Amino acid sequence: MEQNIMQNLVKEFNFLEGNITQPRERRIFLRVGLDKFTNVLDYLMKHFNFTHLCTITGLDEGENLSFIYHLTKEGGILINIKVSVPKENPVIKSIIPYFAGAEIYERELVDLFGAKVEGLPQGNRYPLTDDWPVGQFPLRKDWKQEMLDKKAGENA
Amino acid sequence: MFSAIFSMMIFPGFLFLAVLSFLGEFIDRKIYARLQNRVGPPWFQPVADFIKLLGKQEIIPSEANPTMFKMAPLFAAASVVTAFFYIPLWTPEALYSFNGDILVVLYLLTIPTLSFFIGGWYSTSLYARIGTVRSLTQLFAYEVPLFMGILSSALLANTWSLTKIAEFYVIHPWLWLMNLGGFVISLIALLGKLEKTPFDIPEAETEIVAGGFTEYSGKLLAFLKLTLNIEMIVGAALLSAVFLPFALTYNSFLDFVIFLVKLLSIIFLISLARTIVARLRIDQMINFCWKYLVPLAMMQLLLNLAVKGVMIK
Amino acid sequence: MHNSSEEFKIPIGPQHPALKEPESFSVALRGEKILGVEIRLGYNHRGIEKACEERTYIQDMYLIERVCGICSHSHSTCFVQAVEEIAGLAVPRRALYIRTLVAELERIHSHLLWLGVAGHEIGFDTLLMYTWRDREIVMDILAELTGNRVNYGINTIGGVRRDISSIQIQETLKAMDLLEERTKYYIELGLGETTLIKRLSGVGVLSYDDALHFDAVGPTARASGVKRDVRKDDPYASYGEISFDVITDTGADVYARTIVRLKELMEAYKIVRQCLKNLPDGPITVRAPRKIPVGEALSRYEAPRGEDVHYVKSNGTERPERVKVRAPTLANVQAVKHMLKDRFLADMPIVIAAIDPCFSCTDRLVSLEQDNRGQENLMTWQALHDYSIKWHSKRGVDFGKLNKKLQERLSKY
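Chains as they are written, first to last, in this note's numbering: chain A, 22 to 177; chain B, 24 to 336; chain C, 1053 to 1465.
Keep in mind the hints are simulated off the structure, nothing from the lab.
Predicted, not measured: the structure shown is a model, and the values here were computed from it.
Do not take every clue at face value.
[Stated by the list, open to error] A few chain B residues facing chain C, derived, Cβ under 10 Å:
id : residue
1  : 58
2  : 60
3  : 61
4  : 80
5  : 149
6  : 150
7  : 152
8  : 157
9  : 220
10 : 221
11 : 227
12 : 229
13 : 301
14 : 303
15 : 304
All C-beta atoms, glycine included, are put in the ideal place defined by N, C-alpha and C.
Take the sequences, apply the hints, and build the full model.
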């Protein structure tokens, strides 16, 4: 089954050749560019019925920020789609039209990684406080706890 | 003059009622706890709670109307204590009576709900507002079956005086069995009046904190709690006078013990109901009262009318 | 009922009797009817994910266990599984069985806890008292097996830390019999008690399509007919070798969720018995390297509340590059808004409770180990003591006299 999905994916999207791996049964990791991301997502949902979004993981990889979308389907096969964007301008598209449940995961990326999510509706932020200093994203590697302490100390 | 003040303030007035209400609260809490497999409080717990609350700081919300906020518990307490004077306790005679006092008692027992409404409403808390609106909504649902249940017994006795009702059932000792249906209906309606589960909707802790009582604290809260407990005692005494007028021996000590047993049995039933059911929703409560309780109360009324017809013949 | 056209908002939380944890729901009401709900999470954000990056794998394991007080084993197992997958460790079968055993015991304790909380939310405190009393049985067993009532600390990278003896097996089996009998009583109660059914059925409806749409997990999804259970879909530990049923229901309301959880309790007893019966012999742990090779893994685990997801990325050192935790409540909380729309305020607590929320799990991340903000706010015990004496003497309380009296009294003895 995993092989089948991988072969079909490569057939449909040539650029995936070499960017797709299967470390163990029921796990597929792949990398796509941001421009083709929604196409791959569409394809997986339509043809392979990947209807459940587990979560979105953010990663700080130095130059780039990467986001991994963990999708699964009945039967337990889990596909991890990694999308990378430059750190200076980390813009991604919201996937709320595909998964309503994605909203809170995307808010988390906004707060903790400073991602800019296009199409994310207005709403309460999650999970940081409303008075969190602007421009500080705690899960980025260059963020240190002292930055927050200093900032808060100045305010006090 | 002095004896009147004594009977109002001490026995069987306010002080006696307060002691009885602490006893009632203790019994209620202990039974509730034992039925739930807990140990429950020691006998002095209600008194200790009361004293502790008296010593706590009193906070009145700055938005609230302080006069209304403070007066509401007083009105409530005054009206339930007054109602108590018209209820025959262990003798067939109440402290005061006149023809029509049954209606006065019923209306006096409505005043606490209204004054809690006023107190809660003027405390301006959102939870209190929802709670008080709920308690008024609920009032219109339980009041009708409660009145019908109690009046069915009065109808059989052919009098509007509680004292006369008691005298009637002393003469006809077995007729109280006719009113058992009315007793059950009134007891359920009383749960609504006392805001006990399943009808504790106005103070549903998990939804609206404490409903109308949310903003009360310190002495005012202590007084409120006391009033609620007194209300429970008065309600139970009313039911026992109207529906359980048996075993009067004219030996005042024995009669007093029997009265206590009756009172505590009713409290036991209230605690039992509290233990075995979940809280209803306000719409379900109103449906229940109008769909089931009111028709049943009507049947009781018709039954009593029929019995009365037979008796006159 | 109340046709007042006045709309108002009431806050449910961050401090509210219906929620035992700090989360805020702002409810727009018209009379008793809920027009809309705004959810604000994050009050319990402790920065565990960031803290994990600064600690070693073994330290992280203990830290991760403290993500949640109830499903602690779920989180630690889920994390450990990911690390073991990256390191390529073959965990001994006996260890896997013990993990499964503790996992199911944890499910039992969590579901019993939920049942009590649900009872409390609808004003049925007797149910709370009964279930929590019975919950003590399983808590005792957990303490007996692992040494702790919560945060069991049974896992280690490459296996488990404690073996179980035959006496413990006998005791656990006895406890299971007792619990099964009690659970049967609760099922009977759930199917028979009118006010319970009245309050639970038709409330908090989440249709099959909506459950898929909002990515609901765990009993919440299963009560809507979605057959989603990681134990079956993506077997971990020893679930592949154990027979059990995935409980689903088509009721899609809170009542269905209650029934699903009750039936899952029965399944849990079955699994525990099988684990104990088939417990293989052998070692309980393999040696794990201190430095985990470069790699990434995604681990899933069926916690009592639903699917728990951990993503771990390693960089070849003894500290992980990234740890991501997605607790089941975060997946379910988004469906709550939908479930509450146009319902009554009275249903709010039970609908929230019905997903079995665990907000501590949900919020993790940015810890402040040493709060340096405003030195004057950090007080030593002595300073606090002095301050209180100063505060009171300013208001006329003379401690000198009191102290003297105390000394006199003490000198008598």
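Hold the hint about residue 221(B) up to the distance rule: shortest CB distance to chain C must be less than 10 Å.
-> holds (6 Å)
Cut-off 10 Å, beta-carbon criterion: hint that residue 303(B) touches chain C | holds (6 Å)
Taking the closest Cβ pair, is residue 60(B) under 10 Å from chain C?
-> holds (6 Å)
Should the interface hint for residue 150(B) be scored as holding, given a Cβ-Cβ cut-off of 10 Å against chain C?
-> Interface hint status for residue 150(B): holds (7 Å vs cutoff 10 Å).
Given hint residue 304(B) near chain C, where the shortest CB pair must fall under 10 Å = holds (4 Å)
Status of the residue 58(B) interface restraint (C-beta, 10 Å, chain C) | holds (7 Å)
Should the interface hint for residue 220(B) be scored as holding, given a Cβ-Cβ cut-off of 10 Å against chain C?
-> holds (5 Å)
Does the nearest C-beta of chain C fall within a distance shorter than 10 Å of the C-beta of residue 229(B)?
-> This hint holds: residue 229(B) lies near chain C, its Cβ roughly 4 Å from the closest one there, short of 10 Å.
Does the nearest C-beta of chain C fall within a distance shorter than 10 Å of the C-beta of residue 227(B)?
-> Holds. Min distance 6 Å.
Does residue 80(B) pass the interface hint, meaning its C-beta sits closer than 10 Å to a C-beta of chain C?
-> Cβ of residue 80(B) sits 14 Å from chain C, so the hint is violated.
Any CB of chain C closer than 10 Å to the CB of residue 61(B)?
-> Holds, about 6 Å.
Supplied contact hint for residue 157(B), tested at 10 Å Cβ to chain C | holds (8 Å)
The structure does not agree with numbered hint 4 stated previously, though it agrees with all others.
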